[in-house]
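There are 2 protein chains.
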Amino acid sequence: MTINLNPSDKALVPFVSVDNMMRLIHHVGIEPMLRGLADYIEADFKRWELFDKTPRVASHSAEGVIELMPTSDGEVYGFKYVNGHPKNTKDGLQTVTAFGLLADVGTGYPVLLSEMTMLTAMRTAATSGLVARYLAPRGADTMAMIGSGAQSEFQSLAMKAICGLKTVRLYDIDPAAVEKARRNLEGTGLNVVACKSAEESMEGAQIITTCTADKQYATILTDNMVGSGVHINAIGGDCPGKTELAPGVLHRSDIFVEYPPQTRIEGEIQQLAEDHPVTEMWEVMSGLKPGRSSDKQITLFDSVGFAIEDFSALRFVRDRIAGTDLYFDLDLLADPDDPRDLFGMLQRAKG
Amino acid sequence: MTINLNPSDKALVPFVSVDNMMRLIHHVGIEPMLRGLADYIEADFKRWELFDKTPRVASHSAEGVIELMPTSDGEVYGFKYVNGHPKNTKDGLQTVTAFGLLADVGTGYPVLLSEMTMLTAMRTAATSGLVARYLAPRGADTMAMIGSGAQSEFQSLAMKAICGLKTVRLYDIDPAAVEKARRNLEGTGLNVVACKSAEESMEGAQIITTCTADKQYATILTDNMVGSGVHINAIGGDCPGKTELAPGVLHRSDIFVEYPPQTRIEGEIQQLAEDHPVTEMWEVMSGLKPGRSSDKQITLFDSVGFAIEDFSALRFVRDRIAGTDLYFDLDLLADPDDPRDLFGMLQRAKG
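Going line by line, the protein sequences match chains Z and V.
Reminder that position 243 of the first sequence reads as 244 in the working numbering, one-by-one numbering, no gaps.
Reminder that position 89 of the second sequence reads as 90 in the working numbering, one-by-one numbering, no gaps.
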């Protein structure tokens, strides 16, 4: 099977199911795929100014949020559907599920539909690893991983694959979650340490990743917990009213973000003044602004996830499934022989 | 096959392909389905104030536009992906293709994915028929149908099914398109008259529908072509820079719209002052404002298509496919037994 873009094939859209996404990840390898995703994301961050950028379109309810995240580089258009429902886990459902699409800007025809629950976990971790490669102290090899939810193992492995992490120190308020993550990371080559407190997890760590899901634990890192010379990778403060860091930590840090108009609404910096200085990661990756500038500096990546990262991840998937059996074609688009004859196509289907 | 919303089934999303949509339309019957869609749209217009409403999110390029149209009634969320590329027909592609989704607001989990190229044609026609039932002159039985593109036959049949239309008078600048539409409407019970000019098509017509695709033909109706006492159903003026009616026609008409913030950007009224008075159709359907108030009045439905109509159409499809074989389940959502154990699900898939 190959992806053929001849007009006669455009009625069919290649679809990557959850099952095929997992097969793709194992086909490429988890760590090589995390590195590959980081390469695609870095390439797109370096051509940042080409993209149509808009804050995500959110539909909020009492239970959570449903968002559409569109972007375009002028040739390819992409969007992701993603929900965030912290209470879902109580009913045995995912907090976050997602799917995404790429389309040809020239025709408007979709060219890829893909699950993105797995892929979002992979791209979020790849982005964290990529950013840490620019911002973490030289030689950083130990990470405190606070929160052992669905993102935890992906974060740990991305730091290993992309930054050379050797030791991860796990903490979660739920010991069963820590045990789940410890067990999952067995045999990956990481030295895994289960910790009984956030403070314990941070001993000797040059990288601190915060990734908790529930709005009610609003201060994961207090000011006195954070020493100098570390890199904070703050994943979980990602919607209005949901933050994980004490304001004091923010004030002592140099803050790096994806897209300021979105991060100021959704990220840790919603706690700060609207004009608090931040640096955009695309500027660091393009060499326009410095990343880490001293050993004593606290760098903070206030990560909320941006549409371009999903676009990069979908590009990676599209490129990697070509010539494989890791997708099937969906009959998603009506494509009559004569485009003006949609009704005739419908009539002929009756026979 | 039934749609089961038990948690264990939520990883699978019912999908209606183009083929199954055409089977559904014939299963229900084209005219009964147009009436059914009109009923669902009317029911949603009557509870208009419940909905989250936002102008569509558009990504414009030199060749066309790709849009996302989200809405929610607080319990169900829906969105449509739709493109508009007038030049596509030259390459044998559809000007407009679309697909859509419904999701549960409480969990954020999608509950229906459907093709919407066919369905959009059906809902656009059903909306026109529904609005004409409120605005067309009493006893209107003849329509001028200007433009014989993909929407033409659907518009004609919707006016028959919903308003009792008996005669349609077809005109297009391309005689082959007129012939296509005439042939397709044979045997439907409509009296079909092929005309050689827009003026000829309007002889004796109480309803005038304009539905042309190309931006270059910007004045389909001039002021001296339109007499009093008609209903104009203006479909084709539906994006910035694309209009079909002379300003004089607009100034003589009482104008009815779906959602003013969107219509003022995309509809015929983009030619008028920002505060030009318009009436919202939901107010007419709810009995809050009058529709047609005199025999001499020119009523104009400045139709651009709104997200709630797609929402209604998707609701109709979801209700009608239950218990049928007109869909299949897509493996779109990763749903591990333990929602925090996404990585474990990935690892277990390796074996």
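These aren't lab readings, by the way, just hints derived from the structure by calculation.
Among the clues, some could well be false.
Any copy will do: because identical chains look the same in the list, a pair fits if it lies in one copy or spans two.
No farther apart than 30 Å at their CA atoms in a straight line, the calculated lysine-lysine pairs in the DSSO-like style are these [said to hold, decoys possible]:
1. 54 / 197
2. 351 / 290
3. 167 / 351
4. 351 / 91
5. 88 / 297
6. 351 / 54
7. 91 / 47
8. 167 / 197
9. 91 / 290
Hints, one by one, checked against the model:
Taking the shortest alpha-carbon separations for residue 54 and residue 197, neither the intra-copy value of 42 Å nor the inter-copy value of 47 Å comes in at or below 30 Å. For the identical chains of this complex, residue 351 and residue 290 are neighbours neither inside a copy (63 Å) nor across copies (42 Å), given an alpha-carbon limit of 30 Å. Only between protomers do residue 167 and residue 351 lie at most 30 Å apart by alpha-carbon distance; the minimum there is 24 Å, versus 63 Å within a single protomer. Proximity of residue 351 to residue 91 under the C-alpha cut-off of 30 Å is restricted to the inter-copy arrangement: shortest distance 27 Å between copies versus 47 Å within a copy.
In this assembly of identical chains, the alpha carbons of residue 88 and residue 297 never lie at most 30 Å apart, being 39 Å within a copy and 58 Å across copies at closest. For the homomeric pair residue 351 and residue 54, neither the shortest alpha-carbon distance inside one copy (44 Å) nor that between copies (37 Å) is at most 30 Å. Taking identical chains as interchangeable, the C-alpha atoms of residue 91 and residue 47 are never at most 30 Å apart, the minima being 40 Å within one chain and 36 Å between chains. Taking the shortest Cα distances, residue 167 and residue 197 sit within 30 Å of each other inside one copy (20 Å), while across copies they are farther apart (78 Å).
Taking identical chains as interchangeable, the C-alpha atoms of residue 91 and residue 290 are never at most 30 Å apart, the minima being 44 Å within one chain and 47 Å between chains.
Going down the numbered hints, you'll see the structure goes against 1, 2, 5, 6, 7 and 9, while the others check out.
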